[in-house]
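**Q** Residue strings, one per chain:
Number of protein chains: 2
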Amino acid sequence: MVTITDVAQAAGVSKNTVSRYLNQRGYISDKTRAAIQAAIDELHYQPNQIARSLYTHKTNLIGLVIPDVEHPFFSAITAQIEDELDARGYKMILCNTLHSSKKERKYLDLLIANKVDGIIIGSHSIDINYSDIDAPIVALDRNLSEDIPVVAADHAKGGEIAADAFIEHGCHKVIQLVSSGYVKTPSSKRHEVFTKRMCEAGVTCIVQELQLNQFEFQTYLKTADEILDSYPGLDGVFSADPVTAAIQRQALARGMRIPDDIFMFGYDGTFLAEAVFPPLPTVAQPYDQIAKTVVDVLMKKINGEKLEKMSYIIPISGRNMTAVSN
Amino acid sequence: MVTITDVAQAAGVSKNTVSRYLNQRGYISDKTRAAIQAAIDELHYQPNQIARSLYTHKTNLIGLVIPDVEHPFFSAITAQIEDELDARGYKMILCNTLHSSKKERKYLDLLIANKVDGIIIGSHSIDINYSDIDAPIVALDRNLSEDIPVVAADHAKGGEIAADAFIEHGCHKVIQLVSSGYVKTPSSKRHEVFTKRMCEAGVTCIVQELQLNQFEFQTYLKTADEILDSYPGLDGVFSADPVTAAIQRQALARGMRIPDDIFMFGYDGTFLAEAVFPPLPTVAQPYDQIAKTVVDVLMKKINGEKLEKMSYIIPISGRNMTAVSN
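Protein sequences, first through last, are from chains H and V.
Going by my numbering, the final residue of the first sequence carries number 693, and the count climbs one at a time with no gaps.
Going by my numbering, the final residue of the second sequence carries number 693, and the count climbs one at a time with no gaps.
Bear in mind the hints are in silico, worked out from the structure with no lab data behind them.
On a predicted model such as this, the values are computed, not experimentally measured, just so you know.
Take these hints with a grain of salt, some might be off.
Each pair may be met inside one copy or between any two copies, as identical chains are not told apart.
[Said to hold, decoys possible] Taking lysine-lysine and the BS3-like style, the derived pairs with C-alpha atoms no more than 30 angstroms apart in a straight line are:
1) K382 <-> K556
2) K589 <-> K659
3) K382 <-> K659
4) K659 <-> K540
5) K589 <-> K398
6) K540 <-> K668
7) K473 <-> K398
8) K540 <-> K563
9) K470 <-> K563
Bound conformation, chain H alone (with noise of 0.2 angstroms):
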């Protein structure tokens, strides 16, 4: 096992200034430094990072918290998000709350207790008082409490952008399924716009909440019965892509022509979007930049450094959007 004092033999200075190099605290010479680190690099020295951090009460740890990494939005997003991280030398905790709402009170506490350096939150988890907690926090797509800075798409712009598709398809009645209004999203924006755009375009628009933290694709398939059943003359749905593909797949098995007799427009622009056939409209989150505002904007908060605004709002667009006009 290497040790600081091997370190410090081979470039050929003192214990403490080894030390004052990896903890980065005091003046040491551009020339000190280089021999420092060609020390380290020849010997392949490596810190013990516990004792490390309990010097400099780093962890370099970062906690992502989401309700299902099986979802494709969240599959993507921790995918771009843990890339970003490692970019800036973090490693990052994945907690999925979906079967344990307790986890994410969890997770505030391993805050506190100097565990990691800072939360991302996409969670549903409401029964938290956020503000209480002094330490640096990212909301992902969600409005956890006002002095929490929060990251999303234009979801406005989202809602717009599908609304136009079903009037230019020329639809007359509409199913948007949302999820449940329980817990107050960003995402709830497009709702609102979608259904006053509607409206106003004389489409009727039938609005249904999904369960809480549902996320089971046989649920889909279920919800997607119960609403070709319930719904005689229906000619068009609106809502993730997930449960969008799962009332193309139960219309298809009906014998019902897409987008002839049905026309479905997704959200999130996932690979899912892509995998049924016919390809699903949808609205494209920008996964990639999100994940880099999300952590830049931690990492801000985690360096002290003031936040010029609350809420970072990302543009998004259509993609497979030929099968729009009919």
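Using the hints, position chain V against chain H.
**A** For chain V alone, kept in the frame of chain H given last:
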């Protein structure tokens, strides 16, 4: 901030006794244990985790190294492993190696630097000599080295189930898309068994390798078109769910009927097999059992227990098999 002194006072014991309780060191009577825990609960005492780690040499962190969390096989297994680790008091650091082959090496360095207690590796890196690492590692569906235990589904049985489905359906010319042979994985068993069984039944079986670590859906669609162009008279496709779904989509776009013109069979039993229409017959991996076994074996390694074997095979079965007989 609640300190160890507050806990000691509330429990009516010495600071040293509380410290021994926290570090699970020396004898403490059940009554004293109960009193200390009650004081901890009542005061919401948070031990300084970093200081504790320094003493216990434990971080309660496990690294999960996978190529791509967006791939539905990996997102499903990631969700289950996180649940299993959480139930045992461990947090999971997620490492997505897709965009950087150096990441896996970095994770092994973390393990060596005592920053994680163990690693689960389901990734494809191949330039590492894993036997050199004297630390708790379990391989997920990958053969890393002879002295690292591996957990995988019964892929030989999987190949058999799939081959029988093509034979029963009456296929004559089938293509099997396999992962790059550059990396040895337990799932290569399914390809061996499948090819052998098809040959014995007199079915033409074309085998084509996919590029290494290729998980982009758009690339699958391109591959799909190349295959449909290259092999006239092809009447069967066998690959992982996302690849099969991509080929099914492009076949449908060409007006081919499924399964009448071309029989599609997936592998892994992800939600994608249910999302497309017609749903894909597939071989379903039991994600919960795989995750449980991976974590059980890792815990044994962490606790220094002897393993009874180095290979753990989990049973699998077919799903959506009604489409099989034509």
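**Q** What are the numbers of the hints the structure violates, in ascending order?
**A** Numbers 1, 3, 4, 5, 6 and 9, in rising order.
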